[in-house]
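Two chains, two frames, a set of hints: combine them into the complex.
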Amino acid sequence: MSDKVYRVGIAGQGRSGFDIHAAWLRKAAAQYKIVAVADNLSERREQAAKELGCRTYVDYHELIADKELDLFVNALPSNLHPKGTIEALKGGHNVVCEKPLATKVKDFDAVVAQAKKSKRLFAPFQNSRFALHFRKIQEILASGKLGRLVHARISFSGFARRWDWQTKQELWGGNLNNTGPHPMDHAIVLFGEKPPKVFCRMKSEIGSLGDADDFCAVTLYGKLDQPVVEVLVSSYQAFPQGDSYNINCTLGGITGGVAGLKWKYYDPAKAPAQKLAAGWSDKRGYCREDLPWVEESWTPESTDLFGVTSRAFYNNIHDVLSGRGGLVVKPAEVRRQIAAIEECHRQNKLPSLAKKQAAL
Amino acid sequence: MSDPIIRVGIAGQGYSGFLIHAHWLREVPERFQIVAAADELPERRAEAKKNFGCRTYRDYREMLAAGGFDLFINSLPTHLHPRGTVDALNAGFHVVCEKPLAVKVKDFDAMVAASKKARRVFAPFQNARFFPYFQKIQEVIATGIFGKIINVRISWSKFGRRWDWQTKQKYWGGNLNDTAPHPLDHAVMLMGAKAPKVFSVLTNESGSFGDADDFSSVVLTEKGKPYTEVFVSHYEAFQKGNYTNVNGEFGGLTGGPAGVQWKWYDPKKAPKQRLHAGWSHNREFPNEELPWQEGFWTHPDTGLDAFNEMSKPFYENIYDVLRGKGKTLVTHAQVRTQIAILEACHSQNKLPILF
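Note that the protein sequences, when read in sequence, are chains A and B.
One gets my numbering by counting positions in the first sequence from 1 and adding 59 to each.
One gets my numbering by counting positions in the second sequence from 1 and adding 13 to each.
Derived by calculation from the structure, the hints in this document are not laboratory data.
Any given hint could turn out to be false.
Stated by the list, open to error - Below, in silico cross-link-like pairs of lysine-lysine (DSS-like), each with a Cα-Cα straight-line distance of 25 Å or less:
#1 B:117 / B:207
#2 A:195 / B:171
#3 A:195 / A:389
#4 B:207 / B:238
#5 B:63 / A:262
#6 B:171 / A:282
#7 B:340 / B:207
#8 A:342 / B:340
#9 A:414 / B:161
#10 A:342 / A:195
#11 B:161 / B:236
#12 A:92 / A:195
#13 B:63 / B:161
#14 A:415 / B:236
#15 B:117 / A:415
#16 B:236 / A:414
#17 A:262 / B:238
#18 B:62 / A:342
#19 A:109 / A:195
#20 B:363 / A:256
#21 A:262 / A:414
Here chain B stands alone, though its shape is the one from the complex (with noise of 0.2 Å):
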């Protein structure tokens, strides 16, 4: 028997729907089909047509009406991430859902109590997790040798201004709810924690057009767990470091897209080293020759663009899924962490609504 071909409509033909979500999925025509998308703007409905020859709809409810598809794609605006799920789990699909996928614990428990309720699958689009460089941070880090991880920083900054929909509440824009999904995902898996503690400052600057936060500064904390901060700004003029830098007891790592790079010492090959009773010696501060030892990793050319790379093993897995093989790989519980950490961030920051 050979493999089913699996029926997607993609709601929202925007950034994410037209250029993550279906330009990956044309490239997989054994495996999944657009018969579907759904876009309020007409030139997005002609383009997705005359691109995909599917059907359009101006309304993504119109298109859970129509059917015909067995897998939506919730790429609408971020504010009916929830919303849109719930319809489209009670209309009898599997979907696939972009970040934020809520802002609320309680809207993405609905969202998972409408997936238990109708049997069907909803599958966090959370693609950072199969970043190439990601996968080959928490294999290092799994490898043991850095010992206990003492701290982590996540940062995914740079100097921009933004006037677009995205810097708007009303739509729930903003770096935290925007960018902050992948780089906090990151810090749920790396500090592995359940419900860490969370101290944050959100703040909205010039360089925003609207009034959501273009400054956010993240940090988690759990007893026995890492000091994990996530940082996501607009006014990083000068990066600092690369996007991951992880450090534990006898070692650490930094690492982004392009590559990581490693260095440990294997403690028991270190020198002896014993509390000193008196003053320092020889006024000097304590001085070794650790053994360290290094590695790293360049990011291998795929022959694939940066989301596809991403797009390509999430799919794979959710194809998988469908086909009653195995189950996601991002999970209910690891995403509703990261959302009760975007609801306390915003509960610590109430910044005013002018739009």
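Chain A on its own, in the form it takes in the complex (with noise of 0.2 Å):
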């Protein structure tokens, strides 16, 4: 049987409109076209006119009045995914968005209400969530061999200054709501299903010549048996810590990212028998002794990290369109990182950009 391709229409040219979903998009011509576009510079439209040989719309109403679509994908300024996604999906699309899906839970509820009432597919472009370091992490975690997740930090931190359009509070820009929902999303999965509680502090230093909070670290955790899972999305990380992704578990480890992974874990009945000491220090020694240590590493099969999660995503959608399973990237999922992500900005009210520079 030949799968269908399905017609597909981008609300916004920028990064991740042309070079991350067109881009993708106008590879997989044996699943989906590039119908149209919509951006409102005209440079980016010329561009799509001439290589993906669409039709192009200024503003994206007139893509979502487009009747040819199949499949709308959201990837306008991070301010207009929820409006843009309940235009569209009210418009009779189905609607892939790029992340921030939102920055309120009222807000994300409002957009999976109207796809029920209007019966389309939503689909939330959390794309990380197919990285294969990612996958393999989960793999190895659900093998039961680290034993229990006792805690994860995940940091997407470098030295960088930015001045750019994602630096200001008004377009929901920051390091939260453009970098961390990747991070965050990764965190949710692994803290489990229960809602965890957020502790959240967040920065608008020099570095960010807008608004918006240029150091983001969250905490997520919860009662004494759920993990502790640390999330560090910071510009002014002058020296690596370590590996992106280092998960601790009651029996081991892992460490890690993007190009890898190693981990090592040792089995409890292989282990010296050790009894709680009754008296003080033996001989003022630590407790001291050599644990059975597996070590294994994993390098992926691939390193372009936005080919191999496009691919992965977009396979999904095609799959959910031709009624062939359901979404991988549950809504219900990333109503937890919404819930995160609005709860971190709660805790912490950056001021408006004059304040911030009177104050600097």
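Written as structure tokens, this is what we have:
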């Protein structure tokens, strides 16, 4: 059976709409055809017309009015994600929407409600869920060899100044909204199904020329049997602190990132038998033992993160549109992520640009 | 006039009393003489007698009653730190006390009050303050090259099971009380905060055979101060970076006992940028070359082991203080801030008491 080719319209031809979505969809010609795009910049429309050979619109509302679409991709500026998605759903389109899906749960719920009402697909583009390293982390944890998850720390940090639109609160910029949805999605999945408690501190410092956060530290935590999962997205990390993913369990741990993973664990049945000591330190020593560590490593077949994740994501969307299975990225998971992000913002009211500049 | 020799009585001949305090003090017989030691284990008393030629006691209170020394070193089990210190001060001795000094501010305040009342020195043994790398880190930050400090993360973590007395709450064991006083002391110093807000998670997992925490994550915040994390986990299978990581507006550093490296740029020499009005330029992330400068410091060979490197400056300071020259470098106010943090962490995390 040959696959149906779905006709796609992409709203927004910026870094995401063009470099991520169009870049993949034009390659996936057996599954998708880009028939139209919208962008308010003329040079982007011209490039789309020329390279993608599609219809172009200035305003995404015109794209919504295009009745020849099977799928609407919302790669508009962040602050138009819920609004544009709801409008497209109302217009009768299936929608893939870029992250952040929303910054408030009520907006996300409104999107989900509209999808139900319109009986259309709403698919959050949490593409990094499909990242090979994250899938491998999930697989290693699911094997049970490492025991129970105690702590995970995910850091998407570096040292860089920024002065683009993503530094503006009014456009929903900042490290948490812009970069955070990737590690936060992973953190939420690692944390488990019970909603976490959230502790977060955000700052907007001198390296961000706008007023949105450029330092964001989040801790997800809960009861004693739940893990502590930390996310750090800092633009002031002068030296990396280990790998971007550091996962620690009762019987071992994992470290790594896009380029590969290492992990080690021991079988407690093969470990020396120890008993809680009754007296003081034995010969003034610390507890010492040789644990029977098993070490393993993994290198992905590809480190092309966007290529890999876009392919997997859009394969899933194609399956869903064709009635073959459900979404891998569940709206309920994304809802927990949005709830955490909303709580982060609630705990950190950052000053306006004028106030920030006055304080600096 | 020749310098006096300070006569020392050491309470507790365990890991700390023997391997840290006596270990250094025997190196400087012209300044300190170990004249008495107390320990409830006969083999430790015999060892002290043999090594130091000193009087020995089973109970530290017998040692206090017998007297004949100037300085009392409290390296008793942790839960006896406040009590033993107050007993010694009340008996008229100067006191050096091991960490944690206390786990409640009111106990620490009672120690300070006893010291004032008795007019005797009460010196917290926060020896990690004297780590050469920590001294270097403070020195580099003090130059101001990083601008305002944005965040600090200090991690003293590894993977290891424990089954000794330090895993029991009844002896004030656990990562927070046992290990964290060092990184928390560093944190208080680097943060420059007096009364930071505390967020903490402590858990007791299967690798601890006792009931005290073996995973401690602490975040300190205060308006205008760096976001400061102290992390002491026994489940760190792969070490995440170096002990201390400090990031500022214009650069940062990373370091530990072996060395420190840092990088920074002069904002005046950086490209001029303005907040961009439109959408991304050529769909690119902002991109620029910052004029980075780098520095590094490697731990020099001092001829001393790691403990003695810290004990030497600590006890040189104490020696001066006891002769009326100068003040203790580790102040009561700094330690009190640390104890307030410990107390807040415990009140936020009530672990079940099993032993």
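Each hint tested on the structure:
1. B:117 / B:207: At roughly 16 Å apart (the allowed maximum being 25 Å), residue 207 (chain B) and residue 117 (chain B) satisfy the hint.
2. A:195 / B:171: holds, 23 Å
3. A:195 / A:389: holds, 19 Å
4. B:207 / B:238: holds, 10 Å
5. B:63 / A:262: It is violated: about 59 Å lies between the C-alpha atoms, which goes past 25 Å.
6. B:171 / A:282: With a Cα-Cα distance of about 23 Å, the restraint between residue 171 (chain B) and residue 282 (chain A) holds, given a limit of 25 Å.
7. B:340 / B:207: holds, 20 Å
8. A:342 / B:340: violated, 36 Å
9. A:414 / B:161: Holds, because 18 Å separates the two Cα atoms, which is no more than 25 Å.
10. A:342 / A:195: violated, 43 Å
11. B:161 / B:236: Holds, at roughly 13 Å.
12. A:92 / A:195: violated, 31 Å
13. B:63 / B:161: Status violated; Cα separation ~54 Å.
14. A:415 / B:236: Answer holds: residue 415 (chain A) to residue 236 (chain B) is near 14 Å, not above 25 Å.
15. B:117 / A:415: violated, 39 Å
16. B:236 / A:414: holds, 16 Å
17. A:262 / B:238: holds, 11 Å
18. B:62 / A:342: Since the Cα atoms of residue 62 (chain B) and residue 342 (chain A) sit roughly 17 Å apart, the hinted pair holds (cutoff 25 Å).
19. A:109 / A:195: Distance ~39 Å between residue 109 (chain A) and residue 195 (chain A) Cα, so the pair is violated.
20. B:363 / A:256: holds, 17 Å
21. A:262 / A:414: holds, 13 Å
Checked against the numbered hints listed earlier, the structure breaks hints 5, 8, 10, 12, 13, 15 and 19; every other hint is satisfied.
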